[in-house]
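Undergrad: These are the residues of each chain, in order.
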Amino acid sequence: MNLDTFIFLALNGLTLAALLFIMASGLTLAFGLMRVVNLAHGAFYLLGGYIGVHVVHATDSLVLGVLAGGVVAMVGGVLMERLLLQRVRGLDLSEALLTIAVGLIIADALLVAYGGRPISLPLPPDLRMPMDLGVMMYPTFRVIIMAVAVALGLVLWIVMARTRIGAAIRAGVDDRETAMAQGINVPLLFAGVFAVASFLAGAAGVIGTSYMSLSQGLDVRVLMLSLVVIIIGGMGSLKGAAVGALITGMVSSFATGYLPQFALFFLFLPMTLILVFRPQGLFGRTT
Amino acid sequence: MAEPIIEVTGLDAHYGLSHALHDLHLQVGRECVALMGRNGVGKTTLARALLGLTPPRAAGTIRVFGTDVQGMSPHRIARLGVGYVPQGRRLFPSLTVDEHLRLNLRAGPTGEAWTVEAVYDLFPSLGQRRKSFGNQISGGERSMLAIGRALVTNPGCLILDEPTEGLAPSVVETVAQGLRDLSQGGVAVLLIEQNVKAAAMAADRAYFMAEGHIVHEATDKAAMTDDEVLGKYLGVSA
Chain A
35 MNLDTFIFLA LNGLTLAALL FIMASGLTLA FGLMRVVNLA HGAFYLLGGY IGVHVVHATD
95 SLVLGVLAGG VVAMVGGVLM ERLLLQRVRG LDLSEALLTI AVGLIIADAL LVAYGGRPIS
155 LPLPPDLRMP MDLGVMMYPT FRVIIMAVAV ALGLVLWIVM ARTRIGAAIR AGVDDRETAM
215 AQGINVPLLF AGVFAVASFL AGAAGVIGTS YMSLSQGLDV RVLMLSLVVI IIGGMGSLKG
275 AAVGALITGM VSSFATGYLP QFALFFLFLP MTLILVFRPQ GLFGRTT
Chain B
348 MAEPIIEVTG LDAHYGLSHA LHDLHLQVGR ECVALMGRNG VGKTTLARAL LGLTPPRAAG
408 TIRVFGTDVQ GMSPHRIARL GVGYVPQGRR LFPSLTVDEH LRLNLRAGPT GEAWTVEAVY
468 DLFPSLGQRR KSFGNQISGG ERSMLAIGRA LVTNPGCLIL DEPTEGLAPS VVETVAQGLR
528 DLSQGGVAVL LIEQNVKAAA MAADRAYFMA EGHIVHEATD KAAMTDDEVL GKYLGVSA
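Chains as they are written, first to last, in the working numbering: chain A, 35 to 321; chain B, 348 to 585.
A couple of the hints might just be wrong.
What the hints assert, rightly or not - According to the in silico footprint, chain B covers these stretches of chain A (three or more CB under 8 Å from chain B):
#, stretch
1, 198–211
2, 217–224
Said to hold, decoys possible - Some chain B residues well away from chain A (every beta-carbon gap over 12 Å; in silico):
#, residue
3, Gly357
4, Asp359
5, Gln374
6, Leu452
7, Glu459
8, Ser479
9, Thr500
10, Pro516
What the hints assert, rightly or not - Anything over 12 Å on all C-beta distances counts as not near chain B; from chain A, calculated:
#, residue
11, Tyr84
12, Val112
13, Leu113
14, Asp126
15, Tyr148
16, Gly150
17, Met194
18, Ala195
19, Met214
20, Tyr245
21, Gly270
22, Gly291
23, Phe300
24, Val310
Just so you know, the hints here were simulated from the structure itself, not pulled from any lab data.
Ideal placement from N, C-alpha and C gives every residue a C-beta, glycine not left out.
Sequences are here, hints too, so could you generate the full structure?
TA: What follows is the structure, encoded as structure tokens:
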């Protein structure tokens, strides 16, 4: 086993983990609050990605591109929640089918608009250079993705642990019915969390293009990985999203590197074990 | 009882497949009223209906502070000024004692006299567990916290579902006395209780339920602790 390969795969695993955390953190909180899984989350990733690449081409600004991708996905999420999801609230199957439908429509519309050719993000010159991490040279932009994920994790953690809104979200995830009977407007909280989650998916789609090019089917792949993260970590748990993303990112990277023919097997193995031995996830609560 | 705060008229409610409440009539003014009966007679279903938590298949009207709350979302009913201490306490495992109180702290129909510190003064042992999580405190402390969580909303109407369950007798007395003081201060208190002593200490009158019906009304304290009534509807003697 070559040490450089090992370190490279570990760094790739961290990059994927960072992207997955950005995707899964909002999704898991929304899931925990209203028990709604947004199966259009992957499509929002793709939507944000394409919009972001456009904006980067037009403005030469990476920051604007990331913001634009996030905002467009957020608008999509808010519209879906206000106009569609609210009509089927509480009907698990209808909610799931509705988000699948929206996801398919968005993904197909993007296929019509951009075709099936993979697209990647035009990076500014100074970000194209690899960065010396001491142990090896590694693409600068991937290091930035990791830093963004860590910063996001810190911000979300402070909001959840220290603010009144965070406490209300925790109460709602613990016991929605009781939280509402105590006067907490859980549907409104959910709408807010859902909007933030959609923004994060769109923004992840833009920065993620430096790691995985935008292409047909990426929405499903990213959604699947995010769901694996949430199932491993436990729904509604931020800590769970972080640990789940690390496990999923590392397993995916090493399995693809060393045993590609078993990559999917190893990817789903931790999730299967969790479902059998700890169905609520590593940090989830049973209700 | 000049103006009823809680007014239930002809309420029918279903819980799952069972018909849980039948043509129920009940009024609570600015007083403390006990609702008594054995397990499973529909007391909790009634409390849940008042808070908007029972399924929508409920007929009849429920008015709280004069507002028809049938079909209203629970958080809006709570914001009218209804405090609720649910059966089983239903504390939040992810919130500390202090967070439970701070999250619910708000001015209500009765002003803002109830603060977090006022709750700690009422229940000193809670004050020593401020940083403990909702699932890390003792049964008695859980009851105190569930009550405190309702008090800091400064409710004009308080619905308690067996709040003294699991409390030491001395704390039961504190709670009963506290409820008595609240009702004398103008809060409408509906106390669901199987503990006859606590009910008699706190309440001025009582309704007795059996099989989803209100089967008896005791209009004063003496009637509440009448041996025949208690034997018939609760299977106990005073």
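Undergrad: Hint by hint, note whether the structure agrees.
TA: Hint-by-hint comparison with the structure:
no., hint, in the structure
1, 198–211, "holds (count 9)"
2, 217–224, "holds (count 5)"
3, Gly357, "holds (24 Å)"
4, Asp359, "holds (21 Å)"
5, Gln374, "holds (22 Å)"
6, Leu452, "violated (9 Å)"
7, Glu459, "holds (15 Å)"
8, Ser479, "holds (15 Å)"
9, Thr500, "violated (6 Å)"
10, Pro516, "holds (27 Å)"
11, Tyr84, "holds (37 Å)"
12, Val112, "holds (20 Å)"
13, Leu113, "holds (22 Å)"
14, Asp126, "holds (16 Å)"
15, Tyr148, "holds (42 Å)"
16, Gly150, "holds (45 Å)"
17, Met194, "violated (9 Å)"
18, Ala195, "violated (10 Å)"
19, Met214, "violated (4 Å)"
20, Tyr245, "holds (33 Å)"
21, Gly270, "violated (9 Å)"
22, Gly291, "holds (38 Å)"
23, Phe300, "holds (32 Å)"
24, Val310, "holds (24 Å)"
Of the hints listed earlier, those the structure fails to meet are numbers 6, 9, 17, 18, 19, 21, in rising order.
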